[in-house]
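Participant: Assemble chain B onto chain A, guided by the hints.
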Amino acid sequence: MEANLKRLLYLALVATTAFLIKDGLDNTQGYWLIWAALIFSFITTGDTFKRRITMIVITGAITAFTAFIAGTFHSILPLLAIYFFILTFASVFVSQTYPQYFFQAFIVIIFAILSSGIPTTLAENGERFVLIMSGSMIAAFFQILFYPYFIRNELRTHLILTLQQLKKLNNEIFACLIDPAYSDNVYLYERRIHAQKIRFMRAIDRLRKIDKLAELKLSLEERETYQQRLIRLDLLYDNMLDYSQLRRRVTDYTTFSVCSQELTDILQEINTSIDGAIARVANQKFYSNTTMLHEKINRLENNYHQVLQVAAREPLVFLLFIDSLNAFKDSMDALNTVPLPLPTSFS
Amino acid sequence: MRVMAQYMKTFAFRRAFSVGFTVFIACIINYYFSFSKEAWVILTAWLVSQTTRGTPVRQAVLILITLLIAILISSWMLVHIKRWDVIYIISIIPLILSGYIAYLNKPQENKNVFYAILFSFMLIFALLSPTKTPTFMQDRGIDVMMGALIAIIAKWVVFPIHLDKEFSAGVIPILRSFILYSQALTKNLLFFNFKSAIMLEKVQVEVALQDQQAMYPEWVYEVGFNRGLRSGFRFFLVSLERTSEIFFSINFIVSRNIDPLLLNDMYADLTLSMQKNEELLTTLIEYFEHNKLIDTQSDFTSDMKALEKTLNRVVPGNLELLDISPSNLLMTALVRDIRDLRALLLQLVMSLDTSRRNS
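Protein chains in written order, with my numbering: chain A, 1 to 347; chain B, 1 to 359.
Because the hints were derived from the structure by calculation, they are not lab data.
Predicted model, so just to flag it, every value in this text is computed and none were measured.
Every residue gets a Cβ at the ideal spot worked out from N, C-alpha and C, and that includes glycine.
There could be a bad hint or two in this list.
As the list claims (entries may be wrong) - Listed next, the in silico SDA-like pairs over lysine to any residue satisfying Cα-Cα at most 20 Å (straight line):
{"id": "1", "chain 1": "B", "residue 1": "Lys82", "chain 2": "A", "residue 2": "Asp23"}
{"id": "2", "chain 1": "A", "residue 1": "Lys168", "chain 2": "B", "residue 2": "Gln210"}
{"id": "3", "chain 1": "B", "residue 1": "Lys9", "chain 2": "A", "residue 2": "Gln96"}
{"id": "4", "chain 1": "A", "residue 1": "Lys209", "chain 2": "A", "residue 2": "Leu220"}
{"id": "5", "chain 1": "B", "residue 1": "Lys187", "chain 2": "B", "residue 2": "Arg176"}
{"id": "6", "chain 1": "A", "residue 1": "Lys212", "chain 2": "B", "residue 2": "Leu200"}
{"id": "7", "chain 1": "A", "residue 1": "Lys168", "chain 2": "A", "residue 2": "Ala282"}
{"id": "8", "chain 1": "A", "residue 1": "Lys209", "chain 2": "B", "residue 2": "Tyr103"}
{"id": "9", "chain 1": "A", "residue 1": "Lys212", "chain 2": "B", "residue 2": "Val207"}
What the hints assert, rightly or not - Residues from chain B that keep clear of chain A, each with C-beta distances beyond 10 Å, as calculated:
{"id": "10", "residue": "Tyr100"}
{"id": "11", "residue": "Ala116"}
{"id": "12", "residue": "Phe119"}
{"id": "13", "residue": "Gln138"}
{"id": "14", "residue": "Gly141"}
{"id": "15", "residue": "Met146"}
{"id": "16", "residue": "Pro160"}
{"id": "17", "residue": "Ala169"}
{"id": "18", "residue": "Asn188"}
{"id": "19", "residue": "Tyr221"}
{"id": "20", "residue": "Lys305"}
If we strip away everything but chain A, and leave its shape as in the complex, we get:
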């Protein structure tokens, strides 16, 4: 099942189950179960199935314990204030030092604060502890939806995500070359490129981590194909940044108007070829190749020989640009020859 749909189904199942159990329990504190189940369902840290379950359960245990303490201290102000200072200090420090655990630290504090604001007896406080743990168990239980082919699905999802980010980066780069407004709004366009580069780097970083974990379960041949895939993606990114240098090297932006149609066509064909790579990873039967991209680059090259060599102040920068585009086309072809992963990896 599509990973995104699985995620939607998971959230719906957790929410429905939590509400149904709360109604069945008929407990005045049942809302703790609902809060816990819903908030823990947002945890996505953990690149293997076991790690994710462990993360949810451990966070649930810590949350239940800290909420119990806060509930116990709620009427003893000095203890409560000092407790919150220490707890907040620790959670903020952890989330600053290990940003991947920001959300877990967030959950711990929020439940402790809520617990301190809803006074109760010690027995009911104990019930609260059990309800929070139960909520985390509901969130952990339905993770079973993701169990089949966990790593393979994570790899595939993040591979597709990485390629999508690469495509968006390409759009931002070509916007600088095609939009006449670039020269008057350099900061705005550069900001967009920066934001997109960050998204790509995050995506490929996550892919590297999952790939490293997957290595433990794969054969030597499969490991090499994943490694190849990562190297190719990395080089595609570097390639893109290489041809993006044109935007800074051309001093007279009106030069781009001479070849704007060719640039627009190349943009579309690069996006089509990336879509083709995505379709291939998603196991679709039909996907586009780089033939049209090759044709459009040749058209730009013809324009270069006939017009740009004379019209441009520095024709050499266009020559370097065309060479980089050709290299990109070859890299896309190489990426498409890397064998696809086999459905042999379980969680």
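Facilitator: Showing chain B alone in chain A's frame:
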């Protein structure tokens, strides 16, 4: 003691202490002055203290508005919708939607997703928390505003942020990673190996450029950032981004296996130019670390002239001949990147405050 003092200067420690102290004060205020008798003062103070360095007041106001809207809507629902199953269904929908959107677009990248999630959670909390006063809507609203005020004041008073120091702390790791990456590239010019030290250093550059994993001052780009510092800081960051692009471009060119004979001819000049670039990066680090601009006697033009002279000697300058020789074109591209890098770094060094010159 020195180690402790160093530790206490780190951003993580200062922020943790500041937020902890804010919650401590909010806890006391909530105990004595809360209108709703719940924990909204503490909750708001903690949430509002989670703002980034760039525009804390603006973000505080946005969080405050989000909480007030959640309280308003939840109060309306509690008064007008009597059936709890309907309330459950209505409250689940924004949560599921925001959770799904968060899965697709990480909240750290898109602040609107963060506010959507915050709203969804606060709505559920406000709906399901037992109310203690008949005028709970107004009381919760007042408590939320008190909590926000506590957090905003605490941000100015407890370990207030010094933007220049935070900026330096964010920029130095990037500059250091550039130097190491440059050294790895230079060392591996003659033999490019994907699995070598180059890849490790490249990943470190990528890490340094991300605010999630390092101290990259992303907050400089926030809408409403200090107008006086904005243009200078942004110019520097944009220039650093361009520097990283050139380094990655060099990485790409080198990975395409330039003719080894060509590389051999140019190796000495290439290495010298890369080292000069590293010197400029070191100058920048010294400035940000010790607030001093080192007056260097190094010449940053003659090595580039020598490099281009060697290039003209080994590679034809004619565009038609370059077009038909991939290796010559690659070498030309490499030298062009190094030249662009030099221009960029010189521009950065020249933009520094020269009144802090130190011989």
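Participant: Confirm or reject each hint.
Facilitator: Structure-based check of each hint:
{"no.": "1", "hint": "Lys82/B - Asp23/A", "result": "holds, 16 Å"}
{"no.": "2", "hint": "Lys168/A - Gln210/B", "result": "holds, 18 Å"}
{"no.": "3", "hint": "Lys9/B - Gln96/A", "result": "holds, 14 Å"}
{"no.": "4", "hint": "Lys209/A - Leu220/A", "result": "holds, 18 Å"}
{"no.": "5", "hint": "Lys187/B - Arg176/B", "result": "holds, 17 Å"}
{"no.": "6", "hint": "Lys212/A - Leu200/B", "result": "holds, 14 Å"}
{"no.": "7", "hint": "Lys168/A - Ala282/A", "result": "holds, 18 Å"}
{"no.": "8", "hint": "Lys209/A - Tyr103/B", "result": "holds, 18 Å"}
{"no.": "9", "hint": "Lys212/A - Val207/B", "result": "holds, 17 Å"}
{"no.": "10", "hint": "Tyr100", "result": "violated, 5 Å"}
{"no.": "11", "hint": "Ala116", "result": "holds, 12 Å"}
{"no.": "12", "hint": "Phe119", "result": "holds, 14 Å"}
{"no.": "13", "hint": "Gln138", "result": "holds, 17 Å"}
{"no.": "14", "hint": "Gly141", "result": "holds, 16 Å"}
{"no.": "15", "hint": "Met146", "result": "holds, 14 Å"}
{"no.": "16", "hint": "Pro160", "result": "holds, 16 Å"}
{"no.": "17", "hint": "Ala169", "result": "holds, 13 Å"}
{"no.": "18", "hint": "Asn188", "result": "holds, 14 Å"}
{"no.": "19", "hint": "Tyr221", "result": "violated, 6 Å"}
{"no.": "20", "hint": "Lys305", "result": "holds, 18 Å"}
When held up to the earlier numbered hints, the structure conflicts with 10 and 19 and fits the remainder.
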